[in-house]
Amino acid sequence: MRNLMKFTNVRELKAKTSSVLRTVKKGHTVLITTHGRPTALVVPVSEDDIEDVLLEHSPVLRQKIAAGLRDVRAGRTVALSEYVRRRAKRRARTA
1 MRNLMKFTNV RELKAKTSSV LRTVKKGHTV LITTHGRPTA LVVPVSEDDI EDVLLEHSPV
61 LRQKIAAGLR DVRAGRTVAL SEYVRRRAKR RARTA
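For the sequence shown, the working numbering gives the first residue as 1, with consecutive numbering after it.
For the record, the hints were derived by calculation from the structure and aren't laboratory data.
Ideal Cβ positions, reconstructed from N, Cα and C, are used throughout, including at glycine.
Be aware that a few hints might be false.
To be verified - Label pairs and their calculated CB-CB ranges:
#, residue 1, residue 2, range
1, Leu4, Ala95, 55 to 63 Å
2, Leu55, Leu31, 20 to 28 Å
3, Leu61, Thr29, 36 to 44 Å
4, Arg85, Lys14, 28 to 36 Å
5, Arg62, Arg37, 25 to 33 Å
6, Thr39, Ile65, 23 to 31 Å
7, His35, Thr77, 28 to 36 Å
8, Thr29, Arg91, 46 to 54 Å
9, Ala66, Val45, 21 to 29 Å
10, Lys26, Lys89, 53 to 61 Å
11, Asn9, Gly75, 37 to 45 Å
12, Glu56, Thr77, 25 to 33 Å
13, Ala66, His35, 35 to 43 Å
14, Arg91, Gly36, 52 to 60 Å
What the hints assert, rightly or not - Here are the computed lysine-lysine pairs in the DSS-like style, where the Cα-Cα straight-line distance is at most 27 Å:
#, residue 1, residue 2
15, Lys14, Lys25
16, Lys26, Lys6
17, Lys16, Lys26
18, Lys6, Lys16
19, Lys26, Lys14
20, Lys6, Lys25
Whole structure, please, built from the sequences with the hints as guidance.
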């Protein structure tokens with residue numbers, strides 16, 4: 001199905017949110033306007049695509065992933081079993 005662009009304004013979105021979401025669910029992108037100017041896009045997203053969409057639109061998440069990869073390359077990692085052992089030890093001290 002082609003992803004046809006639909007347009008609506010904020011007032012109509014507020015009044016017909018369910019209808020707009022049904023349109024998106026059918027595969028259409030909806031451009032929301034405020035006073036005739038583009039404000040937001042509502043785009044169809046599948047469960048399979050959500051991770052890619054979040055990464056694409058979250059600079060903070062991308063930075064954290066990059067930092068984690070740098071730590072892996074630099075050898076600044078701990079095996080999960082070691083982390084669990086340390087965590088249990090720490091909890092036992094505070095109990």
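Results for each hint:
1. Leu4 <-> Ala95: 55 to 63 Å: 60 Å Cβ-Cβ, so the 55 to 63 Å window holds.
2. Leu55 <-> Leu31: 20 to 28 Å: 23 Å, holds
3. Leu61 <-> Thr29: 36 to 44 Å: At roughly 23 Å between Cβ atoms, Thr29 and Leu61 fall outside 36 to 44 Å, so the hint is violated.
4. Arg85 <-> Lys14: 28 to 36 Å: With a Cβ separation near 53 Å, Arg85 and Lys14 fall outside 28 to 36 Å, so the hint is violated.
5. Arg62 <-> Arg37: 25 to 33 Å: 28 Å, holds
6. Thr39 <-> Ile65: 23 to 31 Å: Holds, at about 29 Å.
7. His35 <-> Thr77: 28 to 36 Å: 51 Å, violated
8. Thr29 <-> Arg91: 46 to 54 Å: 48 Å, holds
9. Ala66 <-> Val45: 21 to 29 Å: The hint (21 to 29 Å, Cβ to Cβ) holds, given that Ala66 and Val45 are roughly 24 Å apart.
10. Lys26 <-> Lys89: 53 to 61 Å: About 54 Å separates the Cβ atoms of Lys26 and Lys89, which means 53 to 61 Å holds.
11. Asn9 <-> Gly75: 37 to 45 Å: 54 Å, violated
12. Glu56 <-> Thr77: 25 to 33 Å: 26 Å, holds
13. Ala66 <-> His35: 35 to 43 Å: 38 Å, holds
14. Arg91 <-> Gly36: 52 to 60 Å: 58 Å, holds
15. Lys14 <-> Lys25: Within the cut-off at roughly 17 Å; holds.
16. Lys26 <-> Lys6: 12 Å, holds
17. Lys16 <-> Lys26: Measuring from Cα to Cα gives roughly 16 Å; hence the hint holds.
18. Lys6 <-> Lys16: Satisfied, since the Cα-Cα distance of roughly 14 Å is no more than 27 Å.
19. Lys26 <-> Lys14: 19 Å, holds
20. Lys6 <-> Lys25: 12 Å, holds
The structure fails to meet hints 3, 4, 7 and 11 from the earlier list, while all remaining hints are met.
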